[in-house]
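Q: All chains should be built: construct the whole structure from the sequences, respecting the hints.
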Amino acid sequence: MKIQFNTDKTIDGDENQQSYFISLIGEKLNRYQSHVTRIEAHLSDQNGKKEGKNDIQCVLEARMEGRQPIAVTCDANSANDAVTGAIDKIKASLDTIIGKTQSSER
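Each residue of the sequence shown is one higher than the one before, counting from 1 in this note's numbering.
Don't read these hints as lab results, they were simulated from the structure.
Just so it is clear, CB atoms sit at the ideal spot from N, CA and C, and this is done for glycine as well.
Don't take each hint at face value.
[What the hints assert, rightly or not] When the alpha-carbon atoms are kept at most 25 Å apart in a straight line, the in silico SDA-like pairs for lysine to any residue are as follows:
no., residue 1, residue 2
1, LYS91, SER44
2, LYS2, THR37
3, LYS2, ALA71
4, LYS53, PHE5
5, LYS28, ARG63
6, LYS28, ASP14
[Claimed, not checked] Estimated spans, in silico, between C-beta atoms of each pair:
no., residue 1, residue 2, range
7, GLY99, GLU15, 35 to 45 Å
8, ILE11, PRO69, 34 to 44 Å
9, ASN47, LYS100, 14 to 24 Å
10, GLY26, GLY99, 17 to 27 Å
11, GLN68, ASP14, 27 to 37 Å
12, ALA71, GLY26, 24 to 34 Å
13, GLY99, ALA71, 16 to 26 Å
14, LYS9, GLY66, 32 to 42 Å
15, ASN80, GLU40, 12 to 22 Å
A: In structure tokens, the structure reads:
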């Protein structure tokens with residue numbers, strides 16, 4: 001499973017932060033490795049440099065073999081909260097999709 005992490009120009013996306021989020025995503029989504037070929041993460045600040053509540057957005061897109069990609073979005077006050085919230089949402093979506101696939105194969 002390949003993980004690609006992107007930030008917009010208003011987020012300080014230094015190498016340490018990027019490595020941290022890539023390893024966090026890989027660790028939390030490891031069990032879906034046989035179903036997911038690539039994860040793309042997009043982190044952005046919806047208000048730019050202005051302060052705002054829940055203005056950090058993380059979009060996670062999972063590309064599954066033989067299926068359309070799925071995407072989830074989470075808005076939070078910090079980059080860490082946005083990424084972990086998006087991870088929780090994509091896990092729920094993947095569990096649903098994989099569960100339906102496995103039950104239809106029976």
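Q: Each hint should be assessed against the structure and marked as holding or not.
A: Hints versus structure:
1. LYS91 to SER44: holds, 21 Å
2. LYS2 to THR37: Distance of about 6 Å is within 25 Å: holds.
3. LYS2 to ALA71: Cα-Cα ~16 Å, so holds.
4. LYS53 to PHE5: holds, 23 Å
5. LYS28 to ARG63: Status holds; Cα separation ~16 Å.
6. LYS28 to ASP14: This hinted pair holds, its Cα atoms lying about 21 Å apart.
7. GLY99 to GLU15: 35 to 45 Å: With Cβ atoms ~37 Å apart, the hint holds.
8. ILE11 to PRO69: 34 to 44 Å: At roughly 22 Å between Cβ atoms, PRO69 and ILE11 fall outside 34 to 44 Å, so the hint is violated.
9. ASN47 to LYS100: 14 to 24 Å: About 37 Å separates the Cβ atoms of ASN47 and LYS100, which means 14 to 24 Å is violated.
10. GLY26 to GLY99: 17 to 27 Å: About 22 Å separates the Cβ atoms of GLY26 and GLY99, which means 17 to 27 Å holds.
11. GLN68 to ASP14: 27 to 37 Å: For ASP14 against GLN68, whose Cβ atoms are near 33 Å apart, the range 27 to 37 Å holds.
12. ALA71 to GLY26: 24 to 34 Å: violated, 18 Å
13. GLY99 to ALA71: 16 to 26 Å: Because 19 Å falls inside the window, the suggested range holds.
14. LYS9 to GLY66: 32 to 42 Å: holds, 35 Å
15. ASN80 to GLU40: 12 to 22 Å: Holds - the Cβ-Cβ distance for ASN80 and GLU40, about 18 Å, lies within 12 to 22 Å.
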